[in-house]
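Trainee: As a plain string of letters, each chain reads:
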Amino acid sequence: MGNIAFELYCMKGFGRYVIFLSSLVVRRETFKTYYNLTLEECVQIGLKSILLFMLVSTFMGAVTTLQTGANLVSPFVPRFIISNVVREMTILELAPTIMAVIYAGKVGSSMAGGLGTMRITEQIDALEVMGINSASYLVLPKIVASILMYPLLVIVAAVCALFGGYLVGVLTGLLTPTEYVYGIRYGFNPYFITFALIKTFVFAFLISTISSFKGYYTHGGALEVGIASTQAVTTSIIAILLADYFLAYLLI
Amino acid sequence: MIKINNISKSFGDKTVLTGITGEFEKGKTNLIIGSSGTGKSVLLKCIVGLIQPDTGHVFFDLRNFTEADKEMKSEIRREIGMLFQGGALFDSKNVEENVMFPLNILTRMSEADKMDRVNFCLKRVGLEGVNKKMPSEISGGMKKRVGIARAIVNNPNYLFCDEPNSGLDPQTSVVIDDLIMEITHEFDITTIVVTHDMNSVLGIGEKIMFLYKGSKLWEGSNNDITHSGVKELDDFVFTNKVMRSLKGT
Chain D
3 MGNIAFELYC MKGFGRYVIF LSSLVVRRET FKTYYNLTLE ECVQIGLKSI LLFMLVSTFM
63 GAVTTLQTGA NLVSPFVPRF IISNVVREMT ILELAPTIMA VIYAGKVGSS MAGGLGTMRI
123 TEQIDALEVM GINSASYLVL PKIVASILMY PLLVIVAAVC ALFGGYLVGV LTGLLTPTEY
183 VYGIRYGFNP YFITFALIKT FVFAFLISTI SSFKGYYTHG GALEVGIAST QAVTTSIIAI
243 LLADYFLAYL LI
Chain A
167 MIKINNISKS FGDKTVLTGI TGEFEKGKTN LIIGSSGTGK SVLLKCIVGL IQPDTGHVFF
227 DLRNFTEADK EMKSEIRREI GMLFQGGALF DSKNVEENVM FPLNILTRMS EADKMDRVNF
287 CLKRVGLEGV NKKMPSEISG GMKKRVGIAR AIVNNPNYLF CDEPNSGLDP QTSVVIDDLI
347 MEITHEFDIT TIVVTHDMNS VLGIGEKIMF LYKGSKLWEG SNNDITHSGV KELDDFVFTN
407 KVMRSLKGT
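Chains as they are written, first to last, in my numbering: chain D, 3 to 254; chain A, 167 to 415.
Don't read these hints as lab results, they were simulated from the structure.
Watch out, some of these pointers could steer you wrong.
Said to hold, decoys possible - Going by beta-carbon spacing under 7 Å, a handful of chain D positions derived as facing chain A:
| # | residue |
| --- | --- |
| 1 | T123 |
| 2 | E124 |
| 3 | Q125 |
| 4 | D127 |
| 5 | A128 |
| 6 | V131 |
| 7 | G133 |
| 8 | I134 |
| 9 | D246 |
These figures come from a predicted structure and were not determined experimentally.
For each residue, glycine too, the CB sits at the ideal point set by N, CA and C.
Hey, can you work out the whole structure from these sequences and the hints?
Mentor: Shown next as structure tokens:
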């Protein structure tokens, strides 16, 4: 009985999410309005996240290089394999997926908190009273900006991770610059880049829509806004992990 | 004029409004009054369409808002200005941008015309020279006045105010009340104010609807309210010593 209740709860939540998504594309405002709002969101989402992404990914690449090096101490394994492993891990998982978790924590919680605050302070009602489709006006630019900016952030993150690995690998004497670059280029499959970019589009869509959904339907006060932000992050992360599995299953 | 006919609303098992019918006249400040939790704000939200009533209809000058299609609803909503309890100013926009917002979205006016209109409205509510201030930098009373300026900037035919005096000192409350009444007469609009503030009731209540436990119990003006003969209304009106002394009890 408990399982049935849980399934019904999940189905109801998913149904509301689908209805929410469909409400974004009806009663739209002018293209110019969305264009300006999307640019503002791109600055909020993209430019204001880039430093965090660079910092995290540089350290991530550095640590991955150290740990791979520590686990591949064998005369039978050439050292360029270290950077080869770092490349594969970075492009396939670390840059798109782990960064998505960070993105959900920074941007997703901000989206949910912002919309939740607008809801409890009646700013969303004010938009509705003016005859504006508040969901479309507030959320659609966030989704578009997210889908535009997240892939770019991941590309920057991947480059920084590889650079971080290079720095640590060379500075600690784990491998030479030539070995590192050779490993990066060795057996490169360009499809993995395509695969990673497909993942970034899917993750950006999931994070922005789930976070907006949680924030938009906040009811109550400051406590509920906090809860909505937390739920936005946790639900987004679960969705990312599920989507990551299914995309890997389908596309590789 | 706004007419409501048999408006009822329940949330789950809890019935909030029961069969409310009435008229709100043009060029007058119409008040919906009652104790906390009697459904005043829910009724207001049903009228402006933020909440869909379970039964009943709302007519804006004979246009059935409740059964209107999306186009018609949008059209009517563009004739509505609303002042929310907390002001509901957009945090990310300054005072000028807040007031200009409806013009940006709903009209094709030139930038110069929009600026003129914004300055006129800000001047009308007594707020000159605060254009660039953010909502977080102004007081509660000023937020309400900016809210009023935003509500009237698009020349609405209908003005709704949800507890305009909440959180304000008595002096500022009177200023806001007077402003609402002046604007109603000056622009000849239909104004509905939800309040439980007795100063407002006596000061600007040209037409008053009293709600009690989700039902309409009395209708009249501020001249009649002190001798309505309705016990529940008397209990609401004569709660403090000043009011009781007015009645002589």
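Trainee: If a hint holds in the structure, say so; if it doesn't, say that too.
Mentor: Taking the hints in turn, this is what the structure says about them:
1. At its closest, the beta carbon of T123/D sits 6 Å from a beta carbon of chain A; the interface hint therefore holds under the 7 Å criterion.
2. At about 4 Å, the closest approach between the beta carbon of E124/D and any beta carbon in chain A falls short of 7 Å, and the interface hint on this residue holds.
3. With a cut of 7 Å, the hint placing Q125/D at the interface with chain A holds, because the nearest CB-to-CB distance is about 5 Å.
4. A hinted interface residue such as D127/D counts as satisfied when its beta carbon comes closer than 7 Å to some beta carbon of chain A; here the least separation is about 6 Å, so the hint holds.
5. This hint holds: A128/D has a C-beta 4 Å from the nearest C-beta of chain A, less than the 7 Å allowed.
6. Look at V131/D: its Cβ gets to within about 5 Å of chain A, closer than 7 Å, so that hint holds up.
7. Look at G133/D: its Cβ gets to within about 3 Å of chain A, closer than 7 Å, so that hint holds up.
8. With a least beta-carbon distance of about 6 Å to chain A, the hint placing I134/D at the interface is held under the 7 Å criterion.
9. With its C-beta approaching chain A no nearer than about 33 Å, D246/D sits outside the 7 Å limit, and its interface hint is violated.
Of the hints listed earlier, the one the structure fails to meet is number 9.
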